[in-house]
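Chemist: The chain contents come next:
Protein chains: 2
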Amino acid sequence: MAAALTRHNVPLRPHMKTAKSIDVARLALEGQPGGITVSTLAEAEYFAAHDLTDILYAVGIVPQKLDQVAKLNDAGADVIVLTDDLDAAGAIATHPRPPRTLIEVDTGESRGGVSPDDDALLAIADRLGVNLAGVMTHAGHSYAGRSVADVARIAEAERSGVVHAADRLRAAGYPAPIVSMGSSPTALHAVSFEGVTEVRAGVYMFGDLFQAEIFTHAINDIAVTVLTSVIGRRPGKLLVDAGGLALSKDRSTEAAPRDYGFGLVLDRMGQRTLGEAIVRRAYQEHGVIELDPGYQMALPIGGRLRIAPNHTCMTAAAHDRYYVVDGGDDVVAVWPRVNGW
Amino acid sequence: MAAALTRHNVPLRPHMKTAKSIDVARLALEGQPGGITVSTLAEAEYFAAHDLTDILYAVGIVPQKLDQVAKLNDAGADVIVLTDDLDAAGAIATHPRPPRTLIEVDTGESRGGVSPDDDALLAIADRLGVNLAGVMTHAGHSYAGRSVADVARIAEAERSGVVHAADRLRAAGYPAPIVSMGSSPTALHAVSFEGVTEVRAGVYMFGDLFQAEIFTHAINDIAVTVLTSVIGRRPGKLLVDAGGLALSKDRSTEAAPRDYGFGLVLDRMGQRTLGEAIVRRAYQEHGVIELDPGYQMALPIGGRLRIAPNHTCMTAAAHDRYYVVDGGDDVVAVWPRVNGW
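Going down the list, the protein sequences come from chains A and B.
With positions in the first sequence counted from 1, the corresponding number in the working numbering is that position plus 26.
With positions in the second sequence counted from 1, the corresponding number in the working numbering is that position plus 26.
Only chain A is shown next, with the shape it has when bound in the complex:
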């Protein structure tokens, strides 16, 4: 990801929502300016405590969270917040310790944000006053892309939309030093970042089955798996002790070209030696693996497997730490995560 963006001479503000780990953040920040993106204030507190202080909190702010943001900023952080709402902008502007704020722009996902051409853009800017620091957008609908060309087209709409919003602000006399866009697919496949000052991406750090299906990386590059043990054997099936709580109930790949159920089954070394075995059902603590008919089962009770996840953001959040392995299955480090809110 860093290499792809360096070719465009645009910096990466890695989104730590997937990894939630200072150890991973340090890897992601190699050669970058040092700013990060977070999805919770718990992440903001954790990373600020680890001296990463340039933080974009990329979920719409509510007034009752401004005191917590102020406390972080008083302690030396620069937490930038996000809004698409006139009342929230008013609450920011009248707060005794207002943070720098980006206006969220909708470039096609229709989740949050004002349209680049909406009058609300200028009204919110006016309300924010000196606290306005620019614009940001997230083309989450890039996840619906089914070819690199699809994703590149969505990336261009994301770029041109957010740059257009910045241009409108500047034309009206407002500053817009930050023009932020990004999702892992659009960050990787955009043809141009002209006018963009930073790119956000997160899930690429680990990858998952869904991202592999939408061309973010190869399936063998998935870096996070769930280790599990065989607890039952039936013809054509294995019962394992990783269920919905360990894997998450995410079914992202249901909408992908290839449906991996609740995950793809790898051997204990993380290799695809079991054919196309997938986790077909996920109970709370039980997973039911459907074996590839071509695979001859040789796993004992207690035998270890790894499950590659549909959606790493969800699966990693079920665990409070990473056991880091380096090629094999010897644990060479344990990296904690900051879960919760």
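Hints are not guaranteed to be accurate.
One copy or two, either will do: identical chains are not told apart, so a pair holds if it fits within one copy or between any two.
Calculated cross-link-like contacts (lysine to aspartate or glutamate; reagent style DMTMM-like; alpha-carbon spacing at most 20 Å) [said to hold, decoys possible]:
(1) LYS263 with ASP355
(2) LYS263 with ASP144
(3) LYS91 with ASP355
(4) LYS263 with GLU135
(5) LYS263 with ASP113
No lab work stands behind these hints: they were computed from the structure.
Dock chain B against the given chain A, drawing on the hints supplied.
Modeler: Just chain B now, kept in the frame of chain A:
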């Protein structure tokens, strides 16, 4: 649940997999013998440390977990384990500190367990030797029941199957002091528990939208909700700061008569004053609420709502504590949970 089982004169061994809380366990155990069921050894350790020592670990045991069980039992607990596998039975029998063991019996769910008439039942009993403590079954397929009569029929198959397995063991000279069955729906709606020595149930303690759909309780009896704040407003929609991580990605109600998306929206007091509003989409930290067309939106940015979950076992596991309210929204207690493994 306790009242329903008391009418049948059968004790409850509450399953703590949903609540994972000593405070809730104490409520569930009022008037009961004191034995509990758990789904992880982390739960077993936590509850044993809180002096609940009669513990059924109701997930098939693997040899590598026997040392951890032995350590608990050496410290005064009586952790009973479960198997349906001859090799696992052998590992138990040859362990220096073997736990009491139940044989898992399949009474129709086809997840784990041997059929009551299978020769494997007697072979596993033989392998377990003096460690055999009885039989257990779980009619998880009761979740597919669509009437009380359906559930009662499944409950009777659950009961007769597990009792038949116990009878076969006894006829062959093996003891079966414990005959354990249960799921919240079958525990509540069974017509008879003849021959059963204990009933397990867990999700009934909190309930959820799915259980309400399958007649376990009324929808107003759901005891766990997720508090969230409005972070964005659009025509007919609200964006809230509870997404897939706070609600889980569980979609149980997809298969129920009424599909609640990712949860039913209640007001901050937990009342249904917002009509039929549901969480239609769940991103990592964003939920998109589709408002009932009949509802006139009056919620400000930062306004609070509560989301009733599809599947409490999954949703509660996303949080490390309960904020207990009593009627209103004043927090009267904070109860921790034991998450993880």
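Chemist: Would you mind marking each hint as holding or not holding in the structure?
Modeler: Hints, one by one, checked against the model:
{"no.": "1", "hint": "LYS263 with ASP355", "verdict": "neither (24 Å within a copy, 47 Å between copies)"}
{"no.": "2", "hint": "LYS263 with ASP144", "verdict": "between (55 Å within a copy, 18 Å between copies)"}
{"no.": "3", "hint": "LYS91 with ASP355", "verdict": "between (42 Å within a copy, 19 Å between copies)"}
{"no.": "4", "hint": "LYS263 with GLU135", "verdict": "between (40 Å within a copy, 14 Å between copies)"}
{"no.": "5", "hint": "LYS263 with ASP113", "verdict": "between (55 Å within a copy, 17 Å between copies)"}
Checked against the numbered hints above, the structure violates only hint 1.
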